[in-house]
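Starting from the given sequences, assemble the full structure and let the hints guide the process.
Number of protein chains: 4
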Amino acid sequence: MHIAVIGLGYWGPNLVRNFLSNPDVTAVTLCDKNEERLNNAAKKFPGVRTESDLDKLLADPGITAVAIATPVFAHYNLARKALEAGKHVLMEKPFTRTTQEAEDLITIAAHFGLTLMVDHTFLFTGAVRKMKEIIDSGSIGDVLYFDSVRANLGLFQPDVNVIWDLAPHDISILNYLVESRPIAVSATGMKHYYDLENIAYMTVHYDEHIIAHFHVNWLSPVKIRTVCVGGSQKMIYYDDMQTSEKVRIYDKGVDVNSKEGEYNLRVQYRAGDMYAPQTANTEALSEVVKHYLHCIKTGDKPICDGAAGRDVTAILEAAERSIKNGGQKVALPASVSGNATARRSSFILTNS
Amino acid sequence: MHIAVIGLGYWGPNLVRNFLSNPDVTAVTLCDKNEERLNNAAKKFPGVRTESDLDKLLADPGITAVAIATPVFAHYNLARKALEAGKHVLMEKPFTRTTQEAEDLITIAAHFGLTLMVDHTFLFTGAVRKMKEIIDSGSIGDVLYFDSVRANLGLFQPDVNVIWDLAPHDISILNYLVESRPIAVSATGMKHYYDLENIAYMTVHYDEHIIAHFHVNWLSPVKIRTVCVGGSQKMIYYDDMQTSEKVRIYDKGVDVNSKEGEYNLRVQYRAGDMYAPQTANTEALSEVVKHYLHCIKTGDKPICDGAAGRDVTAILEAAERSIKNGGQKVALPASVSGNATARRSSFILTNS
Amino acid sequence: MHIAVIGLGYWGPNLVRNFLSNPDVTAVTLCDKNEERLNNAAKKFPGVRTESDLDKLLADPGITAVAIATPVFAHYNLARKALEAGKHVLMEKPFTRTTQEAEDLITIAAHFGLTLMVDHTFLFTGAVRKMKEIIDSGSIGDVLYFDSVRANLGLFQPDVNVIWDLAPHDISILNYLVESRPIAVSATGMKHYYDLENIAYMTVHYDEHIIAHFHVNWLSPVKIRTVCVGGSQKMIYYDDMQTSEKVRIYDKGVDVNSKEGEYNLRVQYRAGDMYAPQTANTEALSEVVKHYLHCIKTGDKPICDGAAGRDVTAILEAAERSIKNGGQKVALPASVSGNATARRSSFILTNS
Amino acid sequence: MHIAVIGLGYWGPNLVRNFLSNPDVTAVTLCDKNEERLNNAAKKFPGVRTESDLDKLLADPGITAVAIATPVFAHYNLARKALEAGKHVLMEKPFTRTTQEAEDLITIAAHFGLTLMVDHTFLFTGAVRKMKEIIDSGSIGDVLYFDSVRANLGLFQPDVNVIWDLAPHDISILNYLVESRPIAVSATGMKHYYDLENIAYMTVHYDEHIIAHFHVNWLSPVKIRTVCVGGSQKMIYYDDMQTSEKVRIYDKGVDVNSKEGEYNLRVQYRAGDMYAPQTANTEALSEVVKHYLHCIKTGDKPICDGAAGRDVTAILEAAERSIKNGGQKVALPASVSGNATARRSSFILTNS
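Residue numbers (this note's numbering), protein chains in the order written: chain A, 1 to 352; chain B, 1001 to 1352; chain C, 2001 to 2352; chain D, 3001 to 3352.
Any given hint could turn out to be false.
Claimed, not checked - Far from chain B, by Cβ distances over 10 angstroms, these chain C residues were calculated:
| no. | residue |
| --- | --- |
| 1 | 2047 |
| 2 | 2195 |
| 3 | 2290 |
| 4 | 2297 |
Stated by the list, open to error - Taking lysine-lysine and the DSSO-like style, the derived pairs with C-alpha atoms no more than 30 angstroms apart in a straight line are:
| no. | chain 1 | residue 1 | chain 2 | residue 2 |
| --- | --- | --- | --- | --- |
| 5 | C | 2223 | B | 1130 |
| 6 | B | 1044 | C | 2297 |
| 7 | D | 3324 | A | 132 |
| 8 | A | 130 | C | 2297 |
| 9 | A | 132 | B | 1223 |
| 10 | B | 1081 | A | 191 |
| 11 | B | 1132 | A | 132 |
These are calculated hints, taken from the structure and not from any lab test. Everything numeric in this text was worked out from a predicted model, so none of it was measured. For glycine and all other residues, C-beta sits at the position ideal for the given N, C-alpha and C.
Structure (structure tokens):
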């Protein structure tokens, strides 16, 4: 397959490198309307074709599929053009600026029978896949809460706030791990430098007794990347800054007997063993590329398809509105469904 | 001085031990209406007087001062009685159940010219005092945000939710370190076991460009106790679970030039040295006791006086209301002022 | 039982506190020939008897047993007197200055049918007992190596070097965990301040393919307390500075096929799950006291009896000689046998 | 300059990549007598020349310099041939199998006026260079000890034991940081799988009151890479597994007054601030390549020249002999001088 990578800023070259290493890829074409960026990227990949004219690129019948790694404001138009030109699309996160744009692209891709996949890279890490396996096995019991922190110094984005920049990773992990349907979002944040939040807190609400909370921060002196999933039987703590044993399962829990009234509360704490399962440490992006190519070839639904991308965008949109409204809860559209089970089946198939 | 400790559950015996070790204390009397608790505590302190009848205790003219370590619902009545009996009062946190109760006690203590102090123990740790010193020196610049996490497994309380149980520590640290006046609170939480939240998130809002956020959790598999204070020049990270170097100062910061419009954003990151100042590691509670006795003797205002206690209670009350109202912002009463500077002066005096 | 604690420097008061909390103890008498130390200790334990005259103390028929916590040079004479006066003896580590002294005390205690136990406190920690359980279960395979580091700043001792001060802990752990008989010791060290080593490295050699190495250091900027036990199937890493999960079992190993000659070496690495078993966190010294009293009552052999103490002393003596001889291997006396299995049985009995 | 990289196993491709990125390099030729390895490496660097015949390669007058990354047994012959063909030589560590071989190569390079440099990569890390700067500034006082641990699972080497494989890194750091002349080496180790030690401990002795100790281990469940340098005023702890603040300076120390005899020992402990200076995080190997090319162009002596390589080899040789002799001290040849000051000057020049 011949793949075009559109957008060669920070992330694009990583896509190029991974497509080049994949045995199913016969050629990669680099595309960026900025000639300087295009030439800089080309230098790192001697012998690779370049094209600064998108229309010419899309008109090339030899190109099977594209990967779009531009700033988010350009996502919708580029993806639409590519799909209408018959190309499969892998889109960087965040998928689109609005839920409506996401729905449009889903419809168009379905109409043309093309693969539309969102690069939720973390779903392809050994750590997140191990967490999924453990949660699906039922061993942690019911999920009670999901707490995520993604903080470090920089990289300030000029066009989107810290939620749009960092939270897509964690929201995609949440939606992947937790089957329940989120119903509303509230968020609060602060702008210290220009008209975009650089620190923010977001809560995702459910009908059930689950709460999900996110702390995203461009202004933290220490780099923190943790996800804690509290279950009724066990608890998972995922610390991505660890060099090994990133995922730890704690046999800890609480049994509370409050039938007798709160002043006779009886609480039993369970504190058992901890174990840290071995996780695969292949580069996640090479798995993303492999999965994308697999879905193109087989027609399988990607584990992070357009619907998954839309669900993330819907939560980001709601969070932005909540911040503007002083932190009020904003309901999510009914279309946000988290039909994750179907997607997961496809994924397991791919990787077996 | 002869001191009575009222309430001998979990914390009371720690107060007794510290009063007994203080050279200004000539006698300690233990008081609890529950005879079993009283006797159990008495065993640990052979030769110490006990008294189960509060009225008798308060009628004893030899007793100068009391320390109250009962559940919070009893605080107001006990403190009122003690003050009216002419005893100085040291109250465990949280001070009272309502801001109104706090105001009453402040008024009564002022009327009788008695010392009224709240045991905000963390203000007496070497770590928090070092942070105060650094922030007051101006070296971190303006405070931009305050982020606190206090999480572990247990101890579920039968009468108050996780915010009332854990957040008083962190709110007292916030109010001590940050001079600005908080104006509103929003909070969200989840009850998984009985009718009290066991996990909660709270935001304190300011007029200025400061945001303070708290995560309190009785259901965490790992014990976390961190406070991050982001400044415009430097940043402080306080990790109370470290056995040494608990407070770390990062010479990190960001200079953003956005005059030219957001697409021409220029961001300069500063990442310099980190240093971890040596901090005193005397037991905080012995400093609390020392400060209480000092204030009784001199009439100095305690660094954590009734007003400081009321400010914490006001934030807790507002948080509880916010949770009930789906996370809406709840304004704080105008009395919450954080007249911290005056209190600090007194403290510096005490310790020099 | 009425117990006398002899020697009230740093460690003695901890023994007193633990004896006082034990339900089998009816009285504790404090003994120190230094009146000031005796009075200071007495203040912490109001109502406890004191005695500065050892002979009077030993003449008291009401006293069943003693615990000796003086500097090591006084151990032999004190223990000998106590045993000859018919008192059971619990001795602080290191047991004696010479192997010969140790043998003498063992003989005397056996002659009078008295319990002679050495306070190898770490054998009574949840961590070490869990390690013992795991190694004895066979799950780590054969022990290949034992590596220990015990380093921090201070506490410089005036009479013994850093090996005599710190290594007894780790040697007692080694001898407890590893059944094989050590045959020789080599050691090297450095004196920077006065005529006693403040940093030292020691190797214990075996007939079998086991190596044990110790790093002890009074001059380390960070506090390190680790023991690594490499097994042919799994490996244990014990980090005593962790506040939780001190003991971690790694399902890691190596299979080397070198039959074909070293240039065709085939190595298979196994890197599986890690798990951290829950360990008891009762105070080790209270278990020491419980075990001592149990052995007195039943006549059971203590898990750390005189022979265990002698084995540690023999290794310390050999290490000291090796340092003096430029690091040469010094053979251990044949009596060092590590008849640990018999001792262990007794211990399991005690605690079941 | 046109550079040839000889030996394309594990490390060779890293050299190729770094030479290709250096602006002074016009061409790189890959050389390996094993055609398969050569072709595999060539695939990663499309458009790069290959040559399997060493003689042809060395006969090419267009090639200025070589880098040799073969197993150590081939180092001497390859370097000798290259130098005699007029090529500058960068050699992977360990430099040679014997001190004599090292001396020969030094002589030959001097005779032809060619640059001979050893790739002691760690000397080019931001961490080690910062440590050098701090030690040279005098702020830690006199160096009292150097303690190094380099442990992880694998990579078992078929031809050299764990000391030859891992210790060159740490010995080169020692010799770089500590100006004093090492005089002897003792070592002990254990073979568990085939006829080469997989765990070893080594001590380097000095005339002065310095001790250096190394623990190298292919069989550790956790990856450890620490160097502790104890100074009379301050202490440095370098933990290469940290993702930030790898180098930490502790204002800790001890003042011992033992004039009055050991029983009146007075020890003052100093425990002040810790600070972690910012260190450069450019890839060390790109600095190695830059320094090598600089020395070729200017004739400057490399900071890790043949003499530095010989000093490391001499210590490795002595360690091997010591292990064979049961751990006895083996004197180092008088040529081991650590004339580091001269080398350092050159280096500072290079990088200013």
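Starting from the hint list further up, note which numbers the structure goes against and sort them upward.
When the structure is compared with the hints, numbers 1, 7, 8, 10 and 11 turn out to be violated.
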